[in-house]
Amino acid sequence: MKPIHIFIALIALSVFLFAADSGNKETEKIPNVDEIVNKANLVAYYQANDGKAKVSMTITDKKGQTREREFIILRKDLADGGDQHYYVYFLKPADVRKMVYLVHKHTAQDKDDDRWLYLPALDLVKRIAAGDKRTSFVGSDFLYEDVSGRSLEEDSHELIETTENFFIVKNVPKDPDNVEFTYYNVFIDRNNFIPMKMQYYDNQGSLYRTIEAQGVELIQKFPTVVKALVTDLKTGSKTEMQFSDVKYDIGLDDEIFTERYLRRPPREAIR
Amino acid sequence: MMNSKSITAFVIIGFVAFFIFSPFAKADDQNETDRLFTLPQVEVHGFYELRAGYRTRKDKYQKDISIMENRLQLDLASYLDWADLKCKADIIGDLVTEQADFDLREAYLFTMPVGFMDVKIGRQILTWGTGDLIFINDLFPKDWQSFFIGRDPEYLKAPSDAVKISAFSKAFNLDIVYTPRFDHDRFISGRRISYFNSNLNRLAGRDAIQHTDKPNSWFRDDEIAIRLYKNISGYELAFYGYRGYWKSPAGQTQNATQAIFPDLNVYGASIRGNLAKGIANLEFGYYESDDDHSGKDGNIFNSELRFLAGYTQEIAKDFTASVQYYLERMLDYSQHKDSSPFGLARDENRQLLTLRLTKLLMNQNLRCSLFTYFSPSDKDAYFRPNINYKVTDDLAVELGANIFFGDYNNTFFGQFQNNSNIYTAFRYSF
Chain F
1 MKPIHIFIAL
11 IALSVFLFAA
21 DSGNKETEKI
31 PNVDEIVNKA
41 NLVAYYQAND
51 GKAKVSMTIT
61 DKKGQTRERE
71 FIILRKDLAD
81 GGDQHYYVYF
91 LKPADVRKMV
101 YLVHKHTAQD
111 KDDDRWLYLP
121 ALDLVKRIAA
131 GDKRTSFVGS
141 DFLYEDVSGR
151 SLEEDSHELI
161 ETTENFFIVK
171 NVPKDPDNVE
181 FTYYNVFIDR
191 NNFIPMKMQY
201 YDNQGSLYRT
211 IEAQGVELIQ
221 KFPTVVKALV
231 TDLKTGSKTE
241 MQFSDVKYDI
251 GLDDEIFTER
261 YLRRPPREAI
271 R
Chain Z
1 MMNSKSITAF
11 VIIGFVAFFI
21 FSPFAKADDQ
31 NETDRLFTLP
41 QVEVHGFYEL
51 RAGYRTRKDK
61 YQKDISIMEN
71 RLQLDLASYL
81 DWADLKCKAD
91 IIGDLVTEQA
101 DFDLREAYLF
111 TMPVGFMDVK
121 IGRQILTWGT
131 GDLIFINDLF
141 PKDWQSFFIG
151 RDPEYLKAPS
161 DAVKISAFSK
171 AFNLDIVYTP
181 RFDHDRFISG
191 RRISYFNSNL
201 NRLAGRDAIQ
211 HTDKPNSWFR
221 DDEIAIRLYK
231 NISGYELAFY
241 GYRGYWKSPA
251 GQTQNATQAI
261 FPDLNVYGAS
271 IRGNLAKGIA
281 NLEFGYYESD
291 DDHSGKDGNI
301 FNSELRFLAG
311 YTQEIAKDFT
321 ASVQYYLERM
331 LDYSQHKDSS
341 PFGLARDENR
351 QLLTLRLTKL
361 LMNQNLRCSL
371 FTYFSPSDKD
381 AYFRPNINYK
391 VTDDLAVELG
401 ANIFFGDYNN
411 TFFGQFQNNS
421 NIYTAFRYSF
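Chains as they are written, first to last, in my numbering: chain F, 1 to 271; chain Z, 1 to 430.
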């Protein structure tokens, strides 16, 4: 074969390859936005049937002063994408040690979550009003909704961009009066559907709050965020959250999420 | 503050458990076969607190300083394979009474003998019912003196020396608390808080400390409290029963020299759950004054009906409001009126409204709260403002007050007017 033929053949081959490649990209099915946000919701909040993690938070204010929070969180799903139970056992700081926070999360629009707080010094099981889910969780920059998830029904979703690694979904609240943001964008990993970055915009259209997943590990085959950072650009405060001792499918009994175990934390929570 | 015999008994139980088992635990760590003695280390926590307060009104029966104390709380916990052990004790240097004090708050053993049952034996803090600083079916001992002089609200609950057995099933759950010897309230005796003395028909304090004749024998003067409860799709329903004694003095001996704790039975129920955007609760109790069914004995409290309705809601971000309405209705009222000295008869209905406002600020490190009791029937009120700031995770400073108002000096809160006080505290937790 003459060199020219080789050359032509190579060009033809590369054109074919590139064409095939771009053809692949085009024919690769981009899921529709509902499918994307559903998958991301399941990956972020409903991994396995139940789970446990030790969470350490460091809250750093704009002056650099830090505060620590440490708790063990147990979760059990009643249905994927549906109702869940959360049990949070506080370890730090010392003045809230052994307090327990229990949530029966209801995803139905018209049903408020049931929430309880147990104060061990008083042996008091206190019922907490469902309240605003966009208030700070234990004084950190994470909000209640960041910890237990925001119902997909509350926003309308639009896939605004598909990059090499991410689906970028814009979320606009259906009831804007109930929230402090105008919209937020979520960067969802195309491979495992983990929301890697969330950017919140105010009514001026400027970015004021971000949440980033800074570490993802495969734990028992489940991709898991093990480190996350929230930055509040308005207050200059940030909170780092680290997860350790993550375990899935440990077979948590339904009874753990009842008054019995509020008054007497289960071994799963304290060890 | 506490009976010395019961201190001794429970100190022995608590500390024997800790200090016999735990020192050997480390030595035995290698010896896995001897499971009983392989104890994980003892968790030690607690706090050191300095608290000082001053009366805002002159009270000729009390010192001007309402509170001045150093307090070290040690909270020890340990977990065996078959049981949890806990011991929590306060060591107090009290500059008002000029005494050192030891208050054993908790010393118990917790175990689960079978899967559906929990048992807690020893000195423990017990709470149930739905009221917020109002108690109907919670007949466990209270410490009103600590509450009024401005200690942390955790001290409103005084410990019980009891056995609590809890059984759980799909149909319902059952708690039985047996207290072998009556644990009364740490009631207002005149020692730290002045009160209205009906025999003297005037306010009194350290000049007329109430002496009591209390039911005091083990296993004969006992108490039993029962709760049957169930959570029905988020609505917590409970039924209660109690057989024992009025927890604070509710009468006096015929010769009027000693206050007494007459027999009392209580039957009640409660429900609590989500309503609109908040939490609503209803609670009811029938207080059967067992030593005076007819109400004819003027020296013993009559039977009563007690009712409570409450509602809590977050009204703005990190701002919660709760209201309660409480009614205490005396039964056989005409008998009471006939047997009371002129002008000293109580009202048939005592009504109380409470309001709690709590606002969290500065990343929830600053908590401003106000709890108010107001009685339209007694024409008296009690305000409890409090500001608590967490300087760091371990260090908190606090400023608060207990302010009493009243048109009359013999009503529930009105009698405490001269005890109004402000206080400040510093607490280091570890």
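Hint data in this document are derived by calculation from the structure and do not stem from the laboratory. Just so we're clear, the structure is a prediction, and the values are computed from it rather than from any experiment. One thing to keep in mind: the hints can contain errors.
Derived PhoX-like pairs (lysine-lysine); straight-line CA-CA distance at most 20 Å [claimed, not checked]:
| no. | chain 1 | residue 1 | chain 2 | residue 2 |
| --- | --- | --- | --- | --- |
| 1 | Z | 296 | F | 133 |
| 2 | F | 111 | Z | 379 |
| 3 | Z | 58 | F | 133 |
| 4 | F | 126 | Z | 359 |
| 5 | F | 54 | F | 98 |
| 6 | F | 126 | Z | 277 |
| 7 | F | 238 | F | 62 |
| 8 | F | 133 | Z | 214 |
| 9 | F | 54 | F | 92 |
| 10 | F | 39 | F | 238 |
| 11 | F | 98 | F | 133 |
Self-check item: Indices of hints not satisfied (ascending)
Solution: 1, 2, 3, 8, 10 and 11
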